[in-house]
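Keeping the supplied structure of chain A fixed, place chain B upon it in accordance with the hints.
2 protein chains.
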Amino acid sequence: MEKLFVIKIGGNIIDDEIKFSSFLQSFAGVEGKKILVHGGGKLATKLANQLGITQQMIDGRRITDAETLKIVTMVYAGYINKNIVAQLQSFGCNAMGLCGADGTVIKAHQRIHPTINYGFVGDVDAVNSTLLKSLLDQNMAIVIAPITVDVNGQLLNTNADTIAQETAKALSSMYHVELIYSFEKSGVLLDVDDEASVIATIDPSTYKTLKEEKKIFEGMIPKLDNAFAALQNGVKKVVIGKAEELDQLISGNSGTSIIQ
Amino acid sequence: MEKLFVIKIGGNIIDDEIKFSSFLQSFAGVEGKKILVHGGGKLATKLANQLGITQQMIDGRRITDAETLKIVTMVYAGYINKNIVAQLQSFGCNAMGLCGADGTVIKAHQRIHPTINYGFVGDVDAVNSTLLKSLLDQNMAIVIAPITVDVNGQLLNTNADTIAQETAKALSSMYHVELIYSFEKSGVLLDVDDEASVIATIDPSTYKTLKEEKKIFEGMIPKLDNAFAALQNGVKKVVIGKAEELDQLISGNSGTSIIQ
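Protein chains in written order, with this note's numbering: chain A, 257 to 516; chain B, 257 to 516.
Rather than coming from a laboratory, the hints here were simulated on the basis of the structure.
A couple of the hints might just be wrong.
Which copy is meant is left open, so a pair is good if it fits within one copy or across any two.
As the list claims (entries may be wrong) - No farther apart than 30 Å at their CA atoms in a straight line, the calculated lysine-lysine pairs in the DSSO-like style are these:
hint, residue 1, residue 2
1, 389, 363
2, 479, 467
3, 389, 259
4, 479, 298
5, 464, 479
6, 493, 464
7, 275, 493
8, 479, 363
9, 275, 479
10, 493, 470
11, 479, 302
12, 492, 467
13, 493, 471
14, 498, 479
With the rest of the complex left out, here is chain A:
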């Protein structure tokens, strides 16, 4: 099967114009089929503040009321998505920007939670892999903004890590999929303050031990759980590492590889 890279780029990098541009240049140079899933960065919060819209956060998650949904739709699906597309084109890589609502490419439902009302937040139900394949076959990179849609045509703010994972899983019957989570850290660290303490490889048994010994930073656990879930659903390899080292993440010379 042909190789496909599904690459998530984290928010902090998006906020750093120079680092982000350098990341996009590397992404443009990745050979073969590729999908970029981006988060939002601080721009949405900044715009909300400028407009006097108060942002509620619970457990590190943004509560998405109607006004906030408007902001994230503008910023994620409009400003960031189209600027990524244009920058990739300036680096010689044709690209198509989408949000999950386009062609119902990522269908979701509004999050149901026993105690917290997250507002217009979506959990992913299905990815339209046929549509994605038809675009990939036209030799374009695909750039996905983390906005999805439900069966009633309601836009929903959705976690970009989850979108990357679900997209990778959905395409794993058509491609040899490698999923890369790139962000500001060098990988999964044994010591959160020491960038040199990257764990090169994690398999299910090392993961169990690391969790029991509480050696893994809590914020990393959902990412790792997602990584193992992806591997169990057909994804061939998951790598977590530094956005600035995208080439080495792809060649396997940097970051943490999650294997089964």
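Okay, now just chain B, sitting in the frame of chain A:
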């Protein structure tokens, strides 16, 4: 050849939530292949005002500086485009939203003008009809926001009427294309204050006479020039009329038909 409707919806209707929703319901019901090109409405100006960005206008055209480009990218390609897509889906019509940068679907160059610096404003060079056809063939309506891109990956604010016209022309070798400009007026009027004075049909010789007798509202002349240019380039029919009467515009029972 299969029929394709390219429908432009004007700004004033977009600003009226109820009329716009009703228009989208009619659009969702149009049978067969269809493309919707939308303008921006007043939302961009409103957002710019809220953010304290001063808008310059020359000859009724927005001067697009870097800050304004950011606003229109957010509002046109983000908020309006994705809300149209989601609303169409709520009416049972799958839709894919694009701006001209996506897949370089509408390539442009920055406007060159002897005396006015329009800023980041684009004039259309080429439409990627292969990409549009591949999406239409997947039975989705296409929704196009009036942002294009140049060969260097610079986003450009672009007139939606022109995008509709160029898209219609580019697809006329693949489809039997009918181009519909829908807006707040009933068609081309003999008396601008009398909605009943619609001219049912205009051909090149009536157009010449009407212009000579100064019986056509000046703002309508670019639209009519565009209409004749489209007909000369393969488009089969151009209709100008009221957005609220979309069904009748399509059936030929309302508006002004421009013929060769």
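Homo-oligomer pair classification [residue 479, residue 464; C-alpha up to 30 Å]: within (14 Å within a copy, 67 Å between copies)
30 Å Cα threshold - placement of residue 298 relative to residue 479: This pair counts as within: shortest intra-copy Cα distance 20 Å, inter-copy 42 Å.
Under a CA distance limit of 30 Å, which applies to residue 479 and residue 302: within one copy, between copies, both, or neither? within (26 Å within a copy, 40 Å between copies)
Regarding residue 275 and residue 479, is the shortest C-alpha distance of 30 Å or less found within a copy, between copies, in both, or in neither? The answer is within: 22 Å in one copy meets 30 Å, while 45 Å across copies does not.
Give the relationship of residue 498 and residue 479 under a CA distance limit of 30 Å: within one copy only, between copies only, both, or neither. within (14 Å within a copy, 52 Å between copies)
First find the shortest C-alpha distance between residue 492 and residue 467 inside one copy, then the shortest across copies, and answer within, between, both or neither for a cut-off of 30 Å. This pair counts as within: shortest intra-copy Cα distance 23 Å, inter-copy 67 Å.
Checking an output row: residue 275 and residue 493, CA cutoff 30 Å. Within, between, both or neither? Answer is within: at 25 Å inside a copy they meet the 30 Å cutoff, but 50 Å across does not.
Give the relationship of residue 389 and residue 259 under a CA distance limit of 30 Å: within one copy only, between copies only, both, or neither. both (12 Å within a copy, 26 Å between copies)
Evaluate residue 479 and residue 467 at a C-alpha cut-off of 30 Å and name the case that applies: within, between, both or neither. within (13 Å within a copy, 66 Å between copies)
As a check of your reading, is residue 493 near residue 470 (CA-CA no more than 30 Å) within one copy, between copies, both or neither? Result: close within a single copy only, 24 Å intra versus 70 Å inter.
Regarding residue 389 and residue 363, is the shortest C-alpha distance of 30 Å or less found within a copy, between copies, in both, or in neither? both (16 Å within a copy, 23 Å between copies)
Given identical chains, is residue 493 near residue 471, meaning Cα to Cα at most 30 Å, within a copy, between copies, both, or neither? within (23 Å within a copy, 69 Å between copies)
In this structure, every one of the numbered hints holds.
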